[in-house]
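**Student:** Note that the protein sequences, when read in sequence, are chains A and B. The opening position of the first sequence corresponds to residue 1 in my numbering, with each subsequent residue numbered one higher. The opening position of the second sequence corresponds to residue 1 in my numbering, with each subsequent residue numbered one higher.
Treat the hints with care, as some may be off.
Claimed, not checked - Distance windows between CB atoms, simulated:
#, chain 1, residue 1, chain 2, residue 2, range
1, B, Thr-5, A, Ala-93, 21 to 27 angstroms
2, A, Ala-187, B, Tyr-164, 34 to 40 angstroms
3, B, Pro-366, A, Gly-225, 25 to 31 angstroms
4, B, Arg-201, A, Glu-90, 51 to 57 angstroms
5, B, Gly-448, A, Leu-99, 20 to 26 angstroms
6, A, Ile-159, B, Pro-149, 43 to 49 angstroms
7, A, Arg-138, B, Arg-31, 43 to 49 angstroms
8, B, Tyr-164, A, Lys-89, 58 to 64 angstroms
9, B, Val-383, A, Pro-84, 32 to 38 angstroms
10, B, Asp-493, A, Lys-197, 45 to 51 angstroms
11, A, Asp-44, B, Gly-391, 30 to 36 angstroms
12, B, Pro-447, A, Arg-138, 46 to 52 angstroms
Unchecked claim - Non-contacting residues of chain A with respect to chain B, defined by C-beta distances greater than 10 angstroms in every case (computed):
#, residue
13, Gly-8
14, Val-29
15, Gln-148
16, Val-172
17, Arg-175
Hints in this document: simulated from the structure, not taken from any laboratory. All C-beta atoms, glycine included, are put in the ideal place defined by N, C-alpha and C.
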Amino acid sequence: MSIVRPYGDTTGDGMVQLSFTLPIKHSKVAEGAAAQLANKMGMDPALVVHAKPMGDGFTFFVVYGRVNHLVDTDQVEVVERDYPLLTPKEANAAIKRSLRRRMVVVGGCIGTDAHTVGIDAILNIKGFAGEKGLEYYREVKVVNLGAQVSVPQLVDAAITEKADAVLVSQVVTQRDAHLLNTREMSAAFRESYPAAKRPLLVVGGPRFDETMADELGVDRVFSRGTTPGEVASYLVHRLTTRKAS
Amino acid sequence: MGKLTLDAADVRRARTLARQVGRPIVKTAQRHTTVSVERATLRLAGLSGADAEGTPWVNRLSDVVRADVGLEHGVSAPVWDALLRGEAEDLVTLAQKASAGSVTFRLPEGRDLTRARTAARKAVGKGITQIDRRRVERERMIAKVGDAPRKPWIYLIVATGDIYEDIPQAQAAAREGADVIAVIRSTGQSLLDFVPEGATREGFAGTYATQENFRLMRAALDETSRELGRYVRLTNYASGLCMPEIAALAGLERLDMMLNDSMYGILFRDINPIRTFVDQRFSRQVHARAGIIINTGEDNYLTTADAVEAAHTVTTSQLLNEYFAKEAGLEDWQLGLGHAFEIDPAVPDSFRLELAHALLARQLFPKAPLKWMPPTRHMTGDVFRGYLLDGFFNLVGALTDQGILLVGMMTEAVVTPWISDRDLALQNVRYVMDSAGKLHEDFHPAPGGFINLRAREVLGESIGLLEDIKAHDNGLLDAIADGTFGLMKRPADKGRGLEGVARKAADYYNPATEILEGDPA
Numbered sequence: 001m002s003i004v005r006p007y008g009d010t011t012g013d014g015m016v017q018l019s020f021t022l023p024i025k026h027s028k029v030a031e032g033a034a035a036q037l038a039n040k041m042g043m044d045p046a047l048v049v050h051a052k053p054m055g056d057g058f059t060f061f062v063v064y065g066r067v068n069h070l071v072d073t074d075q076v077e078v079v080e081r082d083y084p085l086l087t088p089k090e091a092n093a094a095i096k097r098s099l100r101r102r103m104v105v106v107g108g109c110i111g112t113d114a115h116t117v118g119i120d121a122i123l124n125i126k127g128f129a130g131e132k133g134l135e136y137y138r139e140v141k142v143v144n145l146g147a148q149v150s151v152p153q154l155v156d157a158a159i160t161e162k163a164d165a166v167l168v169s170q171v172v173t174q175r176d177a178h179l180l181n182t183r184e185m186s187a188a189f190r191e192s193y194p195a196a197k198r199p200l201l202v203v204g205g206p207r208f209d210e211t212m213a214d215e216l217g218v219d220r221v222f223s224r225g226t227t228p229g230e231v232a233s234y235l236v237h238r239l240t241t242r243k244a245s
Numbered sequence: 001m002g003k004l005t006l007d008a009a010d011v012r013r014a015r016t017l018a019r020q021v022g023r024p025i026v027k028t029a030q031r032h033t034t035v036s037v038e039r040a041t042l043r044l045a046g047l048s049g050a051d052a053e054g055t056p057w058v059n060r061l062s063d064v065v066r067a068d069v070g071l072e073h074g075v076s077a078p079v080w081d082a083l084l085r086g087e088a089e090d091l092v093t094l095a096q097k098a099s100a101g102s103v104t105f106r107l108p109e110g111r112d113l114t115r116a117r118t119a120a121r122k123a124v125g126k127g128i129t130q131i132d133r134r135r136v137e138r139e140r141m142i143a144k145v146g147d148a149p150r151k152p153w154i155y156l157i158v159a160t161g162d163i164y165e166d167i168p169q170a171q172a173a174a175r176e177g178a179d180v181i182a183v184i185r186s187t188g189q190s191l192l193d194f195v196p197e198g199a200t201r202e203g204f205a206g207t208y209a210t211q212e213n214f215r216l217m218r219a220a221l222d223e224t225s226r227e228l229g230r231y232v233r234l235t236n237y238a239s240g241l242c243m244p245e246i247a248a249l250a251g252l253e254r255l256d257m258m259l260n261d262s263m264y265g266i267l268f269r270d271i272n273p274i275r276t277f278v279d280q281r282f283s284r285q286v287h288a289r290a291g292i293i294i295n296t297g298e299d300n301y302l303t304t305a306d307a308v309e310a311a312h313t314v315t316t317s318q319l320l321n322e323y324f325a326k327e328a329g330l331e332d333w334q335l336g337l338g339h340a341f342e343i344d345p346a347v348p349d350s351f352r353l354e355l356a357h358a359l360l361a362r363q364l365f366p367k368a369p370l371k372w373m374p375p376t377r378h379m380t381g382d383v384f385r386g387y388l389l390d391g392f393f394n395l396v397g398a399l400t401d402q403g404i405l406l407v408g409m410m411t412e413a414v415v416t417p418w419i420s421d422r423d424l425a426l427q428n429v430r431y432v433m434d435s436a437g438k439l440h441e442d443f444h445p446a447p448g449g450f451i452n453l454r455a456r457e458v459l460g461e462s463i464g465l466l467e468d469i470k471a472h473d474n475g476l477l478d479a480i481a482d483g484t485f486g487l488m489k490r491p492a493d494k495g496r497g498l499e500g501v502a503r504k505a506a507d508y509y510n511p512a513t514e515i516l517e518g519d520p521a
């Protein structure tokens with residue numbers, strides 16, 4: 001069965017919850033307007049369970065109701081993992097076997113972003129979600145440039161260290177700063193390297209869309225919740241198969 | 001009497017070490033000046049405005065003076081010597097002529113020097129008198145319209161990029177219950193080596209700190225304060241390359257609190273350590289005079305390091321911030337020392353650990369209005385769980401008598417706060433304060449219990465870290481260079497803004513420093 005609908009407490013009940021604000025004073029009309037919006041969104045019946053005036057001329061609503069939509073999981077498009085998940089031991093062995101040297105990974109936060117949470121979760125030995133970071137991998141040399149690295153600094157470091165892969169994390173997303181910075185970064189690498197020699201470019205951050213890699217000019221985009229093991233497995237897969245082909 | 005059974009000898013030892021570690025930094029700061037300190041001095045003397053390209057006149061003037069005679073003597077004597085020689089009738093005209101290349105500066109000597117210094121002191125003194133007036137104005141206004149009704153003060157952030165959008169948002173936030181409004185600065189302003197001019201409508205994830213923006217927002221909040229019958233405080237950021245100038249502008253425009261950390265710029269913005277410490281000291285002297293409360297940035301350590309393992313770096317930084325602040329003339333009530341609720345909620349006893357850390361800060365700094373920062377790292381996008389976490393954060397705030405509470409948003413890391421997020425967040429704070437605000441009267445952690453032991457452990461680790469810093473050849477500067485704080489390595493001869501630092505010559509003169517250090521308010 002690929003057809004599903006939301007689940008409240010009974011299979012097939014289609015129940016969802018929704019909250020939003022309307023820019024009108026709280027009144028019976030306002031509550032009716034909230035119900036109307038929910039109806040138009042496909043909730044029927046829609047139950048306005050909470051309405052609270054906020055400030056001057058705004059009302060906050062919580063609505064519960066049944067939606068009539070069906071979703072078909074066969075029609076969902078996602079970026080599925082197209083590489084095998086390796087343990088650190090397996091990753092080390094694969095690097096040794098095909099590269100015959102340590103893999104070099106350069107990472108940092110570019111632009112004015114000072115949030116190193118993402119890059120540190122992936123690179124620092126401490127890791128994330130119970131998995132050790134890339135520094136833990138014996139066959140990986142990690143150069144973590146930290147926060148607020150400029151694109152030229154990043155390119156220089158990649159050249160100096162002979163990086164196999166460059167990892168960039170971006171947390172600040174106001175006015176699409178993460179997308180602008182990533183495009184600037186990928187353009188700089190294209191300028192500074194011949195296509196065949198360019199290191200693998202990987203970006204990650206909570207607000208990235210994994211399907212945007214081509215548009216951003218990078219090899220891979222990782223989104224919220226990515227673990228160091230996934231990143232390591234991806235790097236090993238791409239670098240060792242590239243070597244083999 | 002505190003709630004924790006700390007060993008008084010440990011507390012004394014920690015403070016002594018902070019003084020021993022901080023003292024050489026103060027000496028270094030006293031031996032240097034920076035372009036921003038000199039520009040702040042010119043701003044206090046009334047020089048404002050910018051040329052057609054938007055470069056402030058203080059930058060234009062000080063650049064020419066530096067090119068002619070160097071920075072090491074201070075710009076005051078050469079500038080007022082030029083005025084006395086009749087090169088221009090006022091500072092703006094002098095700056096205009098200087099940037100057109102029609103004035104040459106010299107180092108005055110003998111009677112000329114005495115006259116130049118006297119004139120400089122008189123002009124800068126006017127700016128400081130203005131700061132004094134602003135302070136009195138604040139005190140009078142609080143007496144007249146009333147103060148925030150209770151502690152902690154509720155601190156809300158506004159950040160649209162457009163000062164004219166910020167104003168109605170700030171007024172709305174105040175009406176909803178905020179006691180303190182912070183206007184976040186545009187991303188990257190900390191790395192600009194000039195202060196932008198005028199009212200600004202284009203910012204990047206925040207609004208530029210400018211004198212005009214300060215004035216507009218303070219005037220709007222004055223109006224709202226009168227309407228609400230309580231004084232609403234305004235906060236901005238004295239940090240980055242222009243820290244001293246922004247401090248001066250804050251004093252001139254009656255801002256009430258300023259973010260001002262002794263090491264944040266070094267560690268998180270890669271600003272040169274010497275530049276930071278020199279700018280820091282001057283800006284804190286201005287804040288002391290202006291009656292501004294500083295907020296330090298220890299919460300930032302916990303955004304890059306584990307909040308349990310790095311708890312003692314927060315304590316260490318608080319001790320150093322306290323030392324540097326008091327050395328610069330700030331009083332206890334002006335020290336909004338920072339800390340945050342950032343322990344992974346999956347860690348067993350995380351709430352008890354948070355309580356221990358918050359109580360330790362409370363007890364080490366009993367008279368300081370601590371700044372309590374909400375969870376950010378473990379806000380996952382699950383807004384329901386995040387709302388609960390913020391409730392526990394508020395509860396720690398209530399139990400440990402925090403002075404300034406930054407309101408946590410359940411949509412942290414998801415969106416910039418919506419109107420409903422702010423409303424729900426304030427309901428959360430009110431519920432906790434109304435239902436458990438006095439729980440601290442009944443709350444006495446068992447002597448020898450988990451909380452007491454943990455607090456003592458963190459204090460012990462902090463003493464260990466201070467001893468380790470002291471053991472470095474070059475003390476704190478070497479410790480910063482080798483990544484002791486926040487895991488970032490910042491050597492003293494690297495970083496942004498180093499070219500704007502000069503070692504003072506024997507005849508260095510700065511009337512602002514002379515007044516700020518000489519005659520206390």
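**Student:** Does A/Val-29 sit more than 10 angstroms from chain B, CB to CB?
**Tutor:** holds, 19 angstroms
**Student:** Is it true that the C-beta distance of B/Asp-493 to A/Lys-197 lies inside 45 to 51 angstroms, as the hint says?
**Tutor:** violated, 34 angstroms
**Student:** Given the range 30 to 36 angstroms, decide if the beta-carbon distance of A/Asp-44 to B/Gly-391 lies inside it.
**Tutor:** holds, 34 angstroms
**Student:** Do A/Ala-187 and B/Tyr-164 keep their Cβ atoms within the hinted range of 34 to 40 angstroms?
**Tutor:** holds, 35 angstroms
**Student:** For the range 46 to 52 angstroms, tell me whether the beta carbons of B/Pro-447 and A/Arg-138 fit it or not.
**Tutor:** holds, 48 angstroms
**Student:** CB of A/Arg-138 to CB of B/Arg-31, is that within 43 to 49 angstroms?
**Tutor:** With a Cβ separation near 47 angstroms, A/Arg-138 and B/Arg-31 satisfy 43 to 49 angstroms, so the hint holds.
**Student:** 25 to 31 angstroms was suggested as the range; check whether the CB atoms of B/Pro-366 and A/Gly-225 agree with it.
**Tutor:** violated, 42 angstroms
**Student:** Quick check for students: does the CB of A/Gln-148 sit more than 10 angstroms from each CB in chain B?
**Tutor:** At roughly 6 angstroms from the nearest Cβ of chain B, A/Gln-148 sits no farther out than 10 angstroms, so the non-interface label is violated.
**Student:** Does A/Val-172 clear chain B by more than 10 angstroms, comparing its Cβ with all Cβ atoms of that chain?
**Tutor:** violated, 6 angstroms
**Student:** Okay, B/Gly-448 versus A/Leu-99 on CB: inside 20 to 26 angstroms?
**Tutor:** violated, 56 angstroms
**Student:** Minimum C-beta separation from A/Arg-175 to chain B exceeding 10 angstroms: can you confirm that?
**Tutor:** violated, 6 angstroms
**Student:** Do the beta carbons of B/Val-383 and A/Pro-84 sit within 32 to 38 angstroms of each other?
**Tutor:** holds, 35 angstroms
Of the numbered hints listed earlier, those contradicted by the structure are 1, 3, 5, 6, 10, 15, 16, 17.
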